[in-house]
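Asks: The primary structure of each chain is shown beneath.
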Amino acid sequence: MEFVAQQIMNALSFGAEYALLALGLAIVFSIMGLVNFAHGEIIAVGGYTMVAMAALSLNNPLIVVGAAILAAAIGAVTLERVAFRPVRYADPTTGLLTAFGVSIVLQNLFLLLVSPRPIAVTSLYFLEWPIPFVGLRISSLQLFETITTIIVIVVMMLFLKRTVLGLAMRAAALDFEMVRLTGIKANRVFAAAFLISGLLAGIACVFIMARRGSVDPHLGFDPVLMAFVACVVGGFGSLPGAVIGGFLLGAIEVAMLVLLPQSLGGMTEAFVFGSIALLLIWRPDGILTPPREKGDKQ
Amino acid sequence: MLVVQNLNVFHGPIEAVHGISFTVKEGSCVSLLGPNGAGKTSTISAITGVAKSTGRIMFADEDISTLPVEIRIRKGIAVSPEGRRVFANLSVKENLRLGGAYNTANVDRLIAEWFETFPILAERRDQMAGTLSGGEQQMLAIARALMSEPRILLLDEPSLGLAPKIVTQIFEMIKRLKEKRMTILLVEQNATLALRLSDHAYLLNNGLIVADGTAETFGSNDALMAELTGLA
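Sequence order for the protein chains is P and C. Once you know that position 23 of the first sequence is 23 in our numbering, the rest is easy, because the numbers rise by one and skip nothing. Once you know that position 107 of the second sequence is 107 in our numbering, the rest is easy, because the numbers rise by one and skip nothing.
Since the hints were made in silico from the structure, they are not lab data. Fair warning: there could be bad hints in the mix.
[What the hints assert, rightly or not] Cut-off 20 Å, straight-line C-alpha distance, at most; resulting in silico cross-link-like pairs (SDA-like, lysine to any residue):
1. C/75 with C/106
2. P/185 with C/64
3. C/52 with P/175
So here's chain C without its partners, still in its complex pose (with noise of 0.2 Å):
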């Protein structure tokens, strides 16, 4: 499904991924880990587009490299960023809204079952988004990125200054997503978390993939573990 090969990616003139190569698989869920400035959220940047990046992003087959960021989402990508990044002022419902601007026939639909899953949001769907709480923007914030009904979900550190009692949840949900075959890339600091739903994993550290395999073998190694929860 996604099939990255030698990625770079810059923020200005500074390189801050060095020819990474991974792969994520139709209806896996595939993890990036690692510490903070490891180059999790710059490799998800660059698959948006957002980032200026070198090498080849290939998508569906079809090499999405070169493309503006509105026509990488619409092939089917969907992003849930890192701080969330809900519309602070446009209330949930306006959000939901424009998750699935370009999936307008299922809109309505989608909405309605999104509020049967987080009886809050529904709760709250004429309120301004920024006036929930991190745990609740970041269940808008995934439900956002899934009214476009994407192929793929990129999920940016959702765990991320939540309380441990939301992060279950969020990680609850993300396992639903995951028991309905969506195809998942998800950077975390929380490894443990992370690799309870990861079939694959790739260990980023300054710009580099330093080690990479199934949930069974980062579990396996002592070493790697100590190293990764160290690092949660």
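In isolation and in its complexed conformation, chain P is listed as follows (with noise of 0.2 Å):
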């Protein structure tokens, strides 16, 4: 019994690691239908500000997590500014290629202005406390990134029923362009997109840096990779699904982990994967397939 919670503890940390970030590409997703692959990068931009952090001696946990949180939803709305927004209303190949463009280049500046090689944090001691609960081992990390994706999930469902941007984010996946004909600037709902993104792989990121440790130019590659499947699983553009995805991938990774025998250990990503595959047979637009049709036409 206890083992099964224990084990249900760490399916929901992993998963909530996997939908914040499934949340953040499926959002600019739905509305401009470009896939970021640059999103991994401002994971690593978060990363490298607790960095700097380090160096100007500010040690205190909340600023460095504050810090990294509005680094990387700062360097995700510049992102939109510089690269994303001449090539907004062009083909999405075009889009898709940029988001590559930009990846490689913040990697190779990563790489040349800080170094290939991992810098340590330790700032984020606070997440390593184990918390004694019921005979479990959960440890402060796995507790505070649940709680915190339960909170964000919440505050991104009133936000996108109750405000008129939230509102407008909604119907942008439809049909942008009546958006834009009700008056709304198409401009700030680009940028909210990139803002709640950026915010919601600043808030990844510290999860992320407190399980490894350290920060190197590849940190969000992984992550995002993850991130990118569970959006699949769940149905791309589909912000439940991606929230849903991610804790599905969470729980098989989980489940593999613990079921496969000790001689199979080596593969279990194989066997997530494996399993991501049949369940595409079974629905092979994820999920919750995400809306198409537009208003009544005839």
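Put the two chains together into one complex, using the hints given.
Replies: Structure representation (structure tokens):
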């Protein structure tokens, strides 16, 4: 019983990380049809900001975390303004290639200007405390990660339901031109999408850094790859789908880690992706297919 | 209120409208009539800035032809587009809130008013707009456009694909708007209905204005009427 509860906790915290990143990818994709391959570099921006804070001997965890999230958000909005706005109405392939280009440029900037080697960050010690909880071994990281993600999802839902900008973002996923025809500024909707995406990447960055303990130019690659998978599993472009996909992926991953015999330990990922392949045979468009058709058009 | 001069509208490399000019006076209802592909919707798209165009579009004595879509809309232009284009994944109420996105002070009052005008929308306020019938979606599209309390309403094919009874309802409503001195540019294939409401009408064909005049002149010109009702 305790073992099961322990594994559920592990699955939740893995899933939470994927859900945060998948949500960030999905919100940009749903609005501008852009698969943002540079999302991983936004995470790295957060990681390097933590290094910079340490170099400035600012070791207060609150400041470090706040600065990392802020830097990721600013980074994402800047990318939108500089790289993605000029290709906003271009062919989706152009956007995809732009995202690849941005990703490569940023990675190389980190290599050249900072260091190709991992740099340790020690200011996230508060995420390493063990928390005794009815016989379970839970770290403060798992607890923070799960709770933070739940809060983020609730805040996002309220934002998308209650505010005009949130409504506009949901409507824009279906018919952006009509949103502009209600007088809502396209620039604001795009900037907001990237801002949210950056904030989510920044929050995820804190947890990724707490797990890894160091930052290198490829920090974001693996997590974002998994987030892409989560998006595909959930239904690309669907926000609830991204969250469901993220948690499902976390659950599958932990299940494989637990269930596979020791001898197959090295093949966990093969089994994870194998089960996802099966899932996609059952539902080729993902679990929640996002709405595609426009309002009644005859 | 709206003066269009020598307007050419383009869809990619294709010119859909060739140098048309027309005027909509404040408080009047003007129709653009004509068959499918005549350039009516292209003209509307050019006025809102969605389609590329050359020529001059003057709104309230200001040249708006180079302004981006959102800014033109914010000057007081509202559009109920062809095919209605309600936000299918948003509820009825949310659709109306978006319609009043830059008129926030009056949103609640206006939503209450629209629910009074169209009780069916009030009944379905929390239903997704995509689940409404065609007629209900058309009512919602017009209400959404008017949520911004515009100075001119561009109505594109409000009768398209609707049952005759619903069309009558929609036109009753347009008539009430006209009585309230709302300036309206109406695009319609159903010439008989449109002429009944219009102070002035322009007949488009192949991207050119081929005839224009008051509803009476159209009505008294039998040859023209035969052509128009044939098209309707």
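Asks: Failing hints, ascending?
Replies: none
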